[in-house]
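Engineer: Construct the complete structure from the given sequences, taking the supplied hints into account.
Take a look at the letters that make up each chain.
There are 4 protein chains.
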Amino acid sequence: MDYVLPNHPDYRHLFVTKDKDGEDIHFLLTSPKTPEDMLRRRECYTVGMRTGGGVLVHCMGADALAAFSVAAQVMDSKLRTGYTERVEQYRRHLQKNDLALTGAITDVKGDRSLHPSQQKQHKDFYLRIVERQKDGIVVRGAKAHISASPCANELLCLPCRTHGEADRDYALGFAVPVNAPGVKLLGVEPNVRLYDEECEFDYPASHHMQPSESLIIFDNVFVPWERVFMCGEWQFSQILAYAFASYHRLFGTCKMTETLEAMTGAASLIAEYNGVQNVPHVRKKLAWMAYITETVQMLGKQACLDPMTEFGMDVMMPNRVAINASKFTYASNIHQMVQHMQDIGGGLTTTVPCYRDWKNPEIQPYIDKYLAAKDGVKTEDRIRILRLIKDLTGNHWEVDTIHGEGSMAAQEMFLYGSADWKKFQAAAKRASGIGGWQDNPVYGHLLLRDELVKMPPVDTSYKSILPPAKKQ
Amino acid sequence: MDYVLPNHPDYRHLFVTKDKDGEDIHFLLTSPKTPEDMLRRRECYTVGMRTGGGVLVHCMGADALAAFSVAAQVMDSKLRTGYTERVEQYRRHLQKNDLALTGAITDVKGDRSLHPSQQKQHKDFYLRIVERQKDGIVVRGAKAHISASPCANELLCLPCRTHGEADRDYALGFAVPVNAPGVKLLGVEPNVRLYDEECEFDYPASHHMQPSESLIIFDNVFVPWERVFMCGEWQFSQILAYAFASYHRLFGTCKMTETLEAMTGAASLIAEYNGVQNVPHVRKKLAWMAYITETVQMLGKQACLDPMTEFGMDVMMPNRVAINASKFTYASNIHQMVQHMQDIGGGLTTTVPCYRDWKNPEIQPYIDKYLAAKDGVKTEDRIRILRLIKDLTGNHWEVDTIHGEGSMAAQEMFLYGSADWKKFQAAAKRASGIGGWQDNPVYGHLLLRDELVKMPPVDTSYKSILPPAKKQ
Amino acid sequence: MDYVLPNHPDYRHLFVTKDKDGEDIHFLLTSPKTPEDMLRRRECYTVGMRTGGGVLVHCMGADALAAFSVAAQVMDSKLRTGYTERVEQYRRHLQKNDLALTGAITDVKGDRSLHPSQQKQHKDFYLRIVERQKDGIVVRGAKAHISASPCANELLCLPCRTHGEADRDYALGFAVPVNAPGVKLLGVEPNVRLYDEECEFDYPASHHMQPSESLIIFDNVFVPWERVFMCGEWQFSQILAYAFASYHRLFGTCKMTETLEAMTGAASLIAEYNGVQNVPHVRKKLAWMAYITETVQMLGKQACLDPMTEFGMDVMMPNRVAINASKFTYASNIHQMVQHMQDIGGGLTTTVPCYRDWKNPEIQPYIDKYLAAKDGVKTEDRIRILRLIKDLTGNHWEVDTIHGEGSMAAQEMFLYGSADWKKFQAAAKRASGIGGWQDNPVYGHLLLRDELVKMPPVDTSYKSILPPAKKQ
Amino acid sequence: MDYVLPNHPDYRHLFVTKDKDGEDIHFLLTSPKTPEDMLRRRECYTVGMRTGGGVLVHCMGADALAAFSVAAQVMDSKLRTGYTERVEQYRRHLQKNDLALTGAITDVKGDRSLHPSQQKQHKDFYLRIVERQKDGIVVRGAKAHISASPCANELLCLPCRTHGEADRDYALGFAVPVNAPGVKLLGVEPNVRLYDEECEFDYPASHHMQPSESLIIFDNVFVPWERVFMCGEWQFSQILAYAFASYHRLFGTCKMTETLEAMTGAASLIAEYNGVQNVPHVRKKLAWMAYITETVQMLGKQACLDPMTEFGMDVMMPNRVAINASKFTYASNIHQMVQHMQDIGGGLTTTVPCYRDWKNPEIQPYIDKYLAAKDGVKTEDRIRILRLIKDLTGNHWEVDTIHGEGSMAAQEMFLYGSADWKKFQAAAKRASGIGGWQDNPVYGHLLLRDELVKMPPVDTSYKSILPPAKKQ
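Protein chains in written order, with numbering that gives the first Met the number 0: chain A, 0 to 471; chain B, 0 to 471; chain C, 0 to 471; chain D, 0 to 471.
Where hints are given, some of them may not hold.
[What the hints assert, rightly or not] Listed below are the simulated DSS-like cross-link pairs for lysine-lysine, each with C-alpha atoms no more than 25 Å apart in a straight line:
(1) K373(C) - K422(A)
(2) K119(D) - K368(C)
(3) K77(B) - K32(B)
(4) K32(A) - K95(A)
(5) K119(A) - K183(A)
(6) K32(C) - K77(C)
(7) K183(A) - K368(B)
(8) K283(B) - K283(C)
(9) K119(B) - K368(A)
(10) K377(C) - K122(D)
(11) K422(A) - K283(C)
(12) K122(C) - K368(D)
(13) K421(C) - K283(A)
(14) K377(D) - K122(C)
(15) K133(D) - K122(D)
(16) K283(D) - K283(A)
(17) K422(D) - K377(B)
(18) K368(B) - K358(B)
(19) K17(C) - K95(C)
(20) K421(C) - K377(A)
(21) K422(B) - K377(D)
(22) K373(D) - K119(C)
(23) K283(D) - K421(B)
If you're looking for bench data, these hints aren't it; they were derived computationally from the structure.
Structural biologist: And the structure:
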């Protein structure tokens with residue numbers, strides 16, 4: 000679909016822009032410089048996801064590309080490396096050839112309590128440089144559950160964690176074509192083992208996502224220097240990982256906006272079909288679902304309206320507090336959304352008849368009669384909504400929501416790390432009469448309490464507080 | 000399995016008892032009269048579920064049978080009907096022939112905002128009497144997602160709601176063989192479309208549950224009078240439904256004890272395999288999972304230790320507050336259990352390789368190398384635990400947990416209805432100095448505050464509370 | 000303070016604007032017409048609250064005034080009444096004399112299950128018209144817990160609920176001076192019975208709020224026609240109440256921003272003072288507190304950036320979804336904020352020594368020695384933060400948070416009422432293959448799935464999904 | 000009150016037992032040996048708390064005494080110390096003189112990130128031995144917020160944490176009279192600064208608790224050897240602390256049973272008075288409150304019915320899983336209880352008139368008229384319930400609930416530490432086909448799946464699953 004929308008007259012203006020040669024290129028392959036760019040990026044993602052789950056080959060990869068640009072600038076300025084030029088060169092290559100790309104971040108990790116170089120069985124649990132050659136490097140390792148990889152032309156690889164000096168060979172960023180020698184994709188089993196029309200009926204949301212994730216093996220893959228964007232600069236792994244995370248969470252909020260809209264809508268439709276839309280506890284649950292859905296969407300918008308530049312660079316990144324707040328909102332609430340859908344929909348959200356039953360002419364009349372609900376609603380429509388709920392409440396969606404674009408613990412770490420603690424502490428110090436708030440930009444310049452008009456003495460104004468009682 | 004355990008030397012003493020003829024009969028087909036009977040019933044259920052999900056053909060049906068006994072006694076005493084004798088007759092039939100039975104409760108319901116006789120499209124959304132004949136009655140309707148129905152010999156049918164007089168034809172309790180003319184079972188699609196060894200590997204929990212639920216059509220089924228246990232006594236629908244609910248929730252807590260134990264254990268194993276078992280937030284989550292698991296189990300036990308008789312009958316029923324508290328604990332927390340398992344297990348809880356990948360000799364070496372985690376743990380063991388988690392966090396388990404044995408709203412209604420409000424209000428009245436608590440059995444006989452020794456006057460004892468401050 | 004900030008050189012530009020005569024007037028007494036006006040209104044509130052809880056005599060009243068303007072325009076256009084002119088007249092009176100005003104909304108309500116005119120003991124549980132005279136009306140009733148009333152010059156009264164025709168005498172909007180004959184203020188007891196320096200030390204947040212709320216009795220109060228802004232137009236009670244609610248929730252989010260900032264800061268300071276700032280569960284809690292605080296603030300900002308006009312009027316109102324989402328976020332989470340503060344702060348959050356202990360020279364050395372914590376932090380600073388936490392976690396703040404600016408149930412009703420259900424349902428219908436989404440402005444114009452490029456047939460691409468297993 | 004109940008004819012049988020000399024002694028001063036003893040202990044606590052908050056001088060102290068007995072036996076058997084005899088000697092002293100006692104556990108702690116001997120400003124942040132003399136020891140330090148200390152005769156001191164060898168001087172257990180030289184009590188400020196009848200009306204729950212907690216300074220206090228029960232045995236601090244914790248949590252659950260009953264009752268009464276008792280969301284909240292209240296009570300009972308002996312001793316202790324589950328249930332839910340009470344009660348839960356207003360004859364008629372609610376309920380009764388709610392939702396109760404008898408983190412640690420992980424892991428291993436469950440006492444002896452009857456092959460039984468669809 001990534002190639003359909005940019006070529007469609009209604010969406011061309013959104014997805015296509017010009018490079019400096021005046022040639023048409025994909026907007027998502029450009030680097031965002033202004034709030035308007037951020038909003039447009041968000042609009043591309045949102046339109047793609049609402050259309051039906053597209054942009055997958057210009058999302059994770061485009062986010063990785065944007066992160067390479069940020070990290071390259073920082074490394075060049077600190078270490079006089081020449082990464083920026085390489086990244087731009089590569090960006091032009093992608094733009095001119097309009098390639099599909101994805102980002103490969105998550106290493107398989109082995110024992111999480113050990114650093115990459117401390118792992119016991121072997122040292123390849125994190126992707127690493129095994130040899131530096133004249134023309135390039137050789138890498139080995141594996142990246143787990145990488146979305147869109149079967150459809151991509153290019154893989155952009157970067158670290159999923161910060162590194163210490165001992166792990167310098169794991170500080171590694173590069174790009175290779177998916178069909179480079181030594182790259183092996185082990186596709187994940189489909190969400191459901193059904194295909195074609197049957198799958199579309201039974202699992203309408205999973206249907207167009209098969210296949211998607213794969214485990215990618217890098218079995219001594221050669222990468223030429225011009226595609227190497229980090230090579231041992233372990234102090235900068237963090238910047239690369241964080242920049243990617245911020246961009247990719249923006250994509251995440253757009254993806255979830257569509258999913259949450261469908262969930263909230265499905266719950267409201269099944270409530271109506273079942274005849275329970277006016278039951279108070281159902282309305283309360285629906286109100287809550289709408290609240291979460293719109294909060295995710297609004298915080299994502301806020302992240303674009305108020306973006307940040309970091310590390311002295313000119314590239315715009317989503318506001319870190321806002322984008323992590325948006326992501327955390329959906330990750331921490333998705334199971335409650337699922338519970339509400341299942342609660343409102345009833346037992347049929349798991350025992351709803353399937354395509355083979357419904358299409359069976361002997362059985363259909365019974366289903367049609369007995370699984371009807373509100374008069375005027377077709378039984379088939381009710382079944383379709385129940386199938387959608389059954390699909391959306393499956394294991395895949397829950398796990399993807401809490402772990403996609405980073406785990407919940409990662410969100411909490413980001414929220415902790417990006418909160419303005421000085422502002423909060425200044426508020427508390429000022430409120431409790433402790434010094435140290437005076438130089439805070441938000442609280443420091445406010446009027447002192449002494450400058451305010453005092454209230455008159457209290458007790459004279461309210462008779463009821465006065466004596467009668469003998470205060471001992 | 001229901002027939003294996005009673006015939007196994009280790010379990011015969013638990014499952015087999017004698018009837019008054021001195022013949023061996025299944026214990027679950029007897030009526031509980033003492034706390035010891037309740038505890039034994041619980042033990043049967045628990046052993047069966049821990050063994051692997053059995054007792055299914057002696058659980059819902061046995062609970063329905065117990066409920067028929069309760070309702071029959073009440074109706075006989077109020078209306079001089081002769082149901083008790085019929086139920087006992089039927090009970091003996093089941094005992095002597097050691098038949099497998101299930102209970103069919105949930106009607107398909109149509110538009111939930113309308114009573115049975117108000118439904119628009121047709122009047123069969125709730126199972127009903129369509130004709131009273133000399134030898135028996137003819138019934139029509141459908142019951143949805145009835146567990147164990149494909150394996151049962153007998154179906155015990157009862158109402159799922161209370162009825163008004165206008166709906167007297169829906170106040171209906173009876174039993175028929177599953178193969179009675181006009182009974183049609185439409186099986187629910189299996190949780191997963193895999194079978195045999197592949198299914199056992201990929202979906203170890205769902206595997207032995209296929210097939211289970213079905214939609215049962217009663218297409219003008221004839222029921223002879225000796226199997227009719229309620230026929231139009233609409234005022235007593237509630238008793239029948241409530242008695243069944245109390246018994247069946249006891250089964251539910253036993254079923255969930257095993258499921259929750261497996262969930263909590265799976266989370267703790269994957270934490271260990273991943274090397275995160277000492278991470279504080281992981282331990283906190285595991286502690287919470289153990290807390291929920293044991294609370295469900297202990298409240299279930301409490302329901303048997305402190306059972307109740309109602310309606311002046313001699314049959315023991317589980318304590319209503321305890322059994323509903325147990326059920327509500329798991330129903331309201333299951334999604335959080337799921338979230339914790341997925342959170343601790345990581346993204347592989349959905350993208351874990353499947354049987355066909357693992358058994359593929361070309362692929363296995365890669366998986367074995369890269370999906371290893373903690374040294375000393377076999378990769379296959381890690382994959383098996385992840386498959387278990389993937390299976391247990393699927394849609395079926397969530398829905399079954401919140402809707403099986405009654406919805407969450409039903410629990411709340413029961414908790415509200417069975418709480419001792421007089422005791423609570425007496426506590427508040429006494430505490431706030433309002434009259435009306437004196438006749439409460441718990442709070443009424445306690446000493447009055449005036450009978451207690453008064454504290455000495457306060458201010459003399461603490462210097463620090465005294466003057467310095469100029470109280471204005 | 001409301002009169003200090005506008006007269007302070009640093010803040011004059013924010014709080015003071017010109018009327019059409021070119022005279023200086025208070026900005027909060029003007030009607031917002033643009034997003035910029037909304038943002039400025041928000042800035043006034045935020046600066047006032049961060050400074051120390053001011054704007055109280057230009058918040059609820061100013062919000063009521065804005066609501067009068069909206070309702071007057073609607074009534075005039077529908078009923079050809081002349082309310083708009085009266086409201087403007089009154090607005091000019093307030094502007095020219097720079098009066099302090101408050102809004103009186105909440106009736107005492109009596110039995111909540113009965114409409115105003117159905118109340119049993121008397122008919123005055125909701126403020127009502129008892130007589131229509133030539134020059135004006137006479138009103139009777141009472142308004143409960145009205146903030147800032149002791150400091151205000153003017154009271155703006157409006158209904159707190161929608162009305163049916165039978166309750167037309169309760170559909171009533173007007174303004175009177177606080178000292179009008181028959182108006183009686185019964186002040187609420189102060190949060191704490193301490194004053195002056197002792198209060199400032201012991202209850203630093205409550206200190207400058209005493210006295211605040213009062214129960215206002217209207218004992219046959221005469222209101223001249225030129226101050227009557229609704230008189231029996233029962234169909235429009237809802238508009239008046241809703242318009243007020245939207246404006247006032249904007250104030251609420253600004254008020255809570257300061258409170259939440261102080262809470263979050265206090266928790267982070269006491270964590271540091273106690274030496275637990277690096278304990279993982281503490282950081283997780285702090286991250287969550289920052290997340291809630293900033294989400295409230297960002298959603299409030301969003302409500303101004305994307306305001307709405309309703310009823311065809313030119314006055315801007317805060318975006319209803321955003322402002323209610325912001326309010327609901329703090330109302331539903333405040334008790335968790337409190338729990339986290341108390342959890343992190345420890346038992347001393349209630350047993351912290353008070354002013355009289357600390358200032359007692361015999362006791363201070365012991366306290367100073369034993370209640371010290373982290374080296375380098377003054378014991379007094381620790382005590383002050385603990386006093387702030389003790390104060391902020393008291394009953395008043397919790398109740399004010401959940402009930403101030405409308406109860407949680409009211410939020411849920413608003414969230415339900417203002418959600419874009421058509422959008423959500425269109426998402427679900429499109430996703431599940433049901434018709435009816437095609438005319439939705441968000442989902443309707445998107446490309447059809449058929450227009451997208453199809454995935455290639457699945458099975459050929461993944462060896463691992465292919466046979467080995469004997470699919471039966 | 001502790002001396003009233005044992006001397007009251009109705010309660011003498013419960014509180015008074017005989018020692019081996021045949022003399023009457025207080026039952027709570029004996030050591031529990033059987034489940035019946037545990038249930039009686041629980042009954043004493045529950046009756047005391049429901050009567051009005053008594054047993055305070057036989058609860059924490061009695062729990063400390065019981066813990067001394069446990070630790071003494073263990074130390075004597077391991078180290079051949081003679082503590083058991085000393086403890087029994089002291090127990091007889093208490094019994095014969097019927098003394099009031101309390102336990103002093105919580106040290107002031109200083110910087111929580113440092114061990115006792117690492118503290119910076121001084122070494123007295125944890126109570127410690129400063130000198131070992133011929134006749135006894137000299138101790139220095141302070142214990143924070145110790146309940147009931149102003150009313151007690153004796154103080155039983157024990158450590159609040161486990162110790163390493165470097166902190167051996169902090170491993171310290173002993174008893175002293177409250178009036179021993181060097182012991183100083185700094186009383187905590189009362190919950191409210193009101194006394195006598197006014198306090199009883201305004202703060203009915205806090206009233207009879209003033210004064211209660213104090214900060215106890217041990218300023219070089221001499222303790223004779225016969226009252227020293229641990230002196231440097233750092234390896235056994237944990238046993239002493241844990242034994243105390245288990246006993247004291249039993250008291251905690253009895254205390255909370257009464258508090259929760261009053262809270263739930265107050266919520267249900269104010270719902271009725273306000274006329275909202277049939278509003279669905281109110282009933283849902285009330286059902287939840289009853290559920291929590293009874294769950295706490297039932298789990299506490301379970302802890303007595305299924306007690307444990309540990310360390311090879313004959314003394315019974317509450318079941319550790321059950322008692323911590325009970326405590327965790329109330330600690331983690333108390334803020335939600337508070338929210339529900341405030342939500343149902345409305346804004347008046349903070350702005351309810353106080354005694355001075357109500358007793359003021361000029362004001363009372365207005366209050367009586369306007370704050371009436373449901374017809375037939377006295378306004379004063381409504382005010383009293385609102386005052387109770389205002390009191391119970393204050394800061395003190397929340398903090399006491401989450402920190403009293405140990406913090407939430409301590410509960411989680413206990414729950415983690417006492418859970419039967421082997422059982423849970425056996426369940427998961429068995430379910431997923433991993434070895435290692437065979438030797439588990441719960442899961443190990445169950446039948447193997449192979450011993451069960453297999454289901455028939457699947458596909459033949461359900462037409463609907465069969466072909467029509469052209470499987471890929």
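Engineer: Indicate, hint by hint, whether the structure satisfies it.
Structural biologist: Comparing the hints with the structure gives:
1. K373(C) - K422(A): Answer holds: K373(C) to K422(A) is near 22 Å, not above 25 Å.
2. K119(D) - K368(C): Holds, at about 12 Å.
3. K77(B) - K32(B): 22 Å, holds
4. K32(A) - K95(A): Roughly 21 Å between the alpha carbons, so the hint for K32(A) and K95(A) holds.
5. K119(A) - K183(A): It holds: about 24 Å lies between the C-alpha atoms, which stays within 25 Å.
6. K32(C) - K77(C): 22 Å, holds
7. K183(A) - K368(B): 14 Å, holds
8. K283(B) - K283(C): Satisfied, since the Cα-Cα distance of roughly 12 Å is no more than 25 Å.
9. K119(B) - K368(A): Distance ~12 Å between K119(B) and K368(A) Cα, so the pair holds.
10. K377(C) - K122(D): The hint holds at about 17 Å.
11. K422(A) - K283(C): 19 Å, holds
12. K122(C) - K368(D): Distance of about 11 Å is within 25 Å: holds.
13. K421(C) - K283(A): Distance ~18 Å between K421(C) and K283(A) Cα, so the pair holds.
14. K377(D) - K122(C): 17 Å, holds
15. K133(D) - K122(D): Satisfied, since the Cα-Cα distance of roughly 23 Å is no more than 25 Å.
16. K283(D) - K283(A): Within the cut-off at roughly 12 Å; holds.
17. K422(D) - K377(B): Holds, at about 21 Å.
18. K368(B) - K358(B): 14 Å, holds
19. K17(C) - K95(C): 11 Å, holds
20. K421(C) - K377(A): Cα-Cα ~19 Å, so holds.
21. K422(B) - K377(D): 21 Å, holds
22. K373(D) - K119(C): 8 Å, holds
23. K283(D) - K421(B): 18 Å, holds
When the structure is compared with the earlier hints, no violation turns up for any of them.
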